[in-house]
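Based on the provided sequences and hints, a complete structural model is requested.
Going down the list, the protein sequences come from chains A and B. Read in our numbering, the first sequence has 410 at position 410, and its numbers run on one by one without any break. Read in our numbering, the second sequence has 7 at position 7, and its numbers run on one by one without any break.
Misleading hints may appear alongside valid ones.
The list that follows gives simulated cross-link-like pairs (lysine-lysine, PhoX-like), each with its CA atoms no further than 25 Å apart [to be verified]: (1) A:344 to A:361; (2) A:318 to A:412; (3) A:361 to A:378; (4) A:484 to A:364; (5) A:294 to B:23; (6) A:359 to A:344; (7) B:3 to A:294; (8) A:361 to A:318; (9) A:292 to B:75.
Hint data in this document are derived by calculation from the structure and do not stem from the laboratory. Please read these numbers as outputs of a predicted model, since none were measured by experiment.
So you can see what is in the structure, the chains are spelled out below.
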Amino acid sequence: MKLTFRNKVYILTNFSIIVLITTITIVHILNRVKELKHDIIGNATNYVILTTDKIGDAFVRYYKSAFFKFREIIIYQTKLNPDLKEIKIIDPSGNIYYSSKEFEQNKFPIVTLNLQTETDSFITKNIKKLEIKEKVGKDLTIISPYLDEYGVHSVSIIYYFSLERLSTSIGEAIKNSILIAVCFIILGSIIVTIFANRITVHLRVLQDAAREIAKGDFSRIVSIKTGDEFEELAKTFNLMTEEIRKDVRELKNLVNELKKRDEQKTQFLANFSHELRTPLTASMGYIDYLLKQKLGTLNPEQLHGLEVIRRNMERLNKEIHSLIQLSRFSLEGIKLSPRRFSVKEIIDSIVVDFAPDIKNKNLKLNFDFKTLELFADKEHLRTVFENLIANAVKFSQIGGEVKISTLNYTEKDTRYFQFIISNQSDEIPRSKLKKIFEPFYQVDTGTARRYGGFGLGLAIARNIIEAHQGRIWAENQKGLVILKFIIPQEVENVKKYSDSR
Amino acid sequence: MSKNILIVDDEEDILDFVGRVLKDAGYTVFTAHDVNEGLAILNSHKIDLLLLDIMLPGIDGWQMIKMMRTSEALKNIPVAMLTARVDAQDKVIGLKEGAVDYICKPFTADQLLQRIQQLFKYLEQTK
Chain A
1 MKLTFRNKVY ILTNFSIIVL ITTITIVHIL NRVKELKHDI IGNATNYVIL TTDKIGDAFV
61 RYYKSAFFKF REIIIYQTKL NPDLKEIKII DPSGNIYYSS KEFEQNKFPI VTLNLQTETD
121 SFITKNIKKL EIKEKVGKDL TIISPYLDEY GVHSVSIIYY FSLERLSTSI GEAIKNSILI
181 AVCFIILGSI IVTIFANRIT VHLRVLQDAA REIAKGDFSR IVSIKTGDEF EELAKTFNLM
241 TEEIRKDVRE LKNLVNELKK RDEQKTQFLA NFSHELRTPL TASMGYIDYL LKQKLGTLNP
301 EQLHGLEVIR RNMERLNKEI HSLIQLSRFS LEGIKLSPRR FSVKEIIDSI VVDFAPDIKN
361 KNLKLNFDFK TLELFADKEH LRTVFENLIA NAVKFSQIGG EVKISTLNYT EKDTRYFQFI
421 ISNQSDEIPR SKLKKIFEPF YQVDTGTARR YGGFGLGLAI ARNIIEAHQG RIWAENQKGL
481 VILKFIIPQE VENVKKYSDS R
Chain B
1 MSKNILIVDD EEDILDFVGR VLKDAGYTVF TAHDVNEGLA ILNSHKIDLL LLDIMLPGID
61 GWQMIKMMRT SEALKNIPVA MLTARVDAQD KVIGLKEGAV DYICKPFTAD QLLQRIQQLF
121 KYLEQTK
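Dropping the structure here:
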């Protein structure tokens, strides 16, 4: 069971009160018992001292001659103490002469008394002074020696007192004490309840405020005016809220600022793209239109000149496209929309586009397809294949061989797709194998002049492959430059994998 | 009967090129440099297709489509966006706004005519 702080305070304090009051009550009862006993014994002793002579005298004087007189005196004396149960008169040898039991036993009048002998050693020993014997909780026996006028110890008088009054008094005392204790406990628990509530009221105020803050309302201020730790706590709490409020405000500003910047970036990219592509559209559109002789017949020199313009515009367009694509990747990231497609189909269509270059360089193309389908972002991967094939064609020796192969394998329950493209050319220095995937990188300034281009194709390919949770790299092998990449065959698997991470 | 096509673009050279190609192909061509001019032509002539640039001074192409969708007379006019952007996100926004097609810059005369012919064919079929 879970105890609230309020209940803990309540239970603990109540328990303490009960223990305290119970202890006080028990001590009180014990004292009262002691007092009462002392009282009763004191009374009895006084009574014995006062009556011994009278009873003794009456016995000596009247027992034999005027028994009724003797008895009258006994009756009178016994009535003086309510605790007294019986009086016996006994001689030092233990012979009982008289017992006040005769009244109870209804043997009135007694003609002859059977002399009995008391064998209790306490009673029969030769006593010289008052002796008291108490049977705990039951009765009290006092034996008192009577000395006659000549100083002779002729008889002793035995008094039996009842201690009943003591036990009834104790019972009464316990009853009263328990009653008082219960009253105290009830009163105590009422006070404790009020106290516990008072503490927890503050706690609840703080809790409510904390809950509001958790919901995002940082304007909440806690007001507790108790002058104790709770007020301190409330102050600290308010201070904390203030700090959080400041931080949240700063964060919100920052988020807004970032959003604004992000919007600016996107806007910049849109403008950038628009400003570069719009003039290209009008120029390339008209060049193409002119070349098709839609605006009149052209002579061969004019057609050649226009063809040169067209080719260079096309090149410019490709570079601008790469530049915009790479800018988008770095400004907005890459969003994948995976779907199923055939690798072979895509590569075949790309190769058709490169047919003029392949023919110009007299290249031999060699294919080896093992994997036919992929589940990935088709358009992005088309760009990768395009860029890798363009790269191989561009850097290949004249009359060389370009080899394209794909394969698949399984590793740790994930199926992977690997693409390999090699071309015959000068090897890339080992130290530069990684750098070719950096944007604007050319193996050397010489090649930059020889081949032209920004060198963005491989950087774009790397961005796309990495977005597919894949890897791309370059190798040299006996006059061959080989580019390879690996991606999971099902991009969905990758998503699950990265999610669980 | 020849189809009426309205081109809205702030670039004079684009209007010139697209206008010439479409005229040569036998379409009747109207041109406008901004949204207000475009809306005025839409309201005064029966236009069969609107070729709309996205990035226009003042009110942009998206807003023009929104304005057209609120007008009973203009909301059914098909729109093809001329855009320098090619990413999928723009396409999604465009479809929500009710654009029918996209023609990405740069394009050649053949590409443009092919797309427009396909578009009219599609519109005929869905009528």
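Consistency of the hints with the structure:
no.	hint	verdict
1	A:344 to A:361	holds (23 Å)
2	A:318 to A:412	violated (40 Å)
3	A:361 to A:378	violated (29 Å)
4	A:484 to A:364	holds (19 Å)
5	A:294 to B:23	holds (12 Å)
6	A:359 to A:344	holds (21 Å)
7	B:3 to A:294	holds (21 Å)
8	A:361 to A:318	holds (20 Å)
9	A:292 to B:75	violated (38 Å)
Going down the numbered hints, you'll see the structure goes against 2, 3 and 9, while the others check out.
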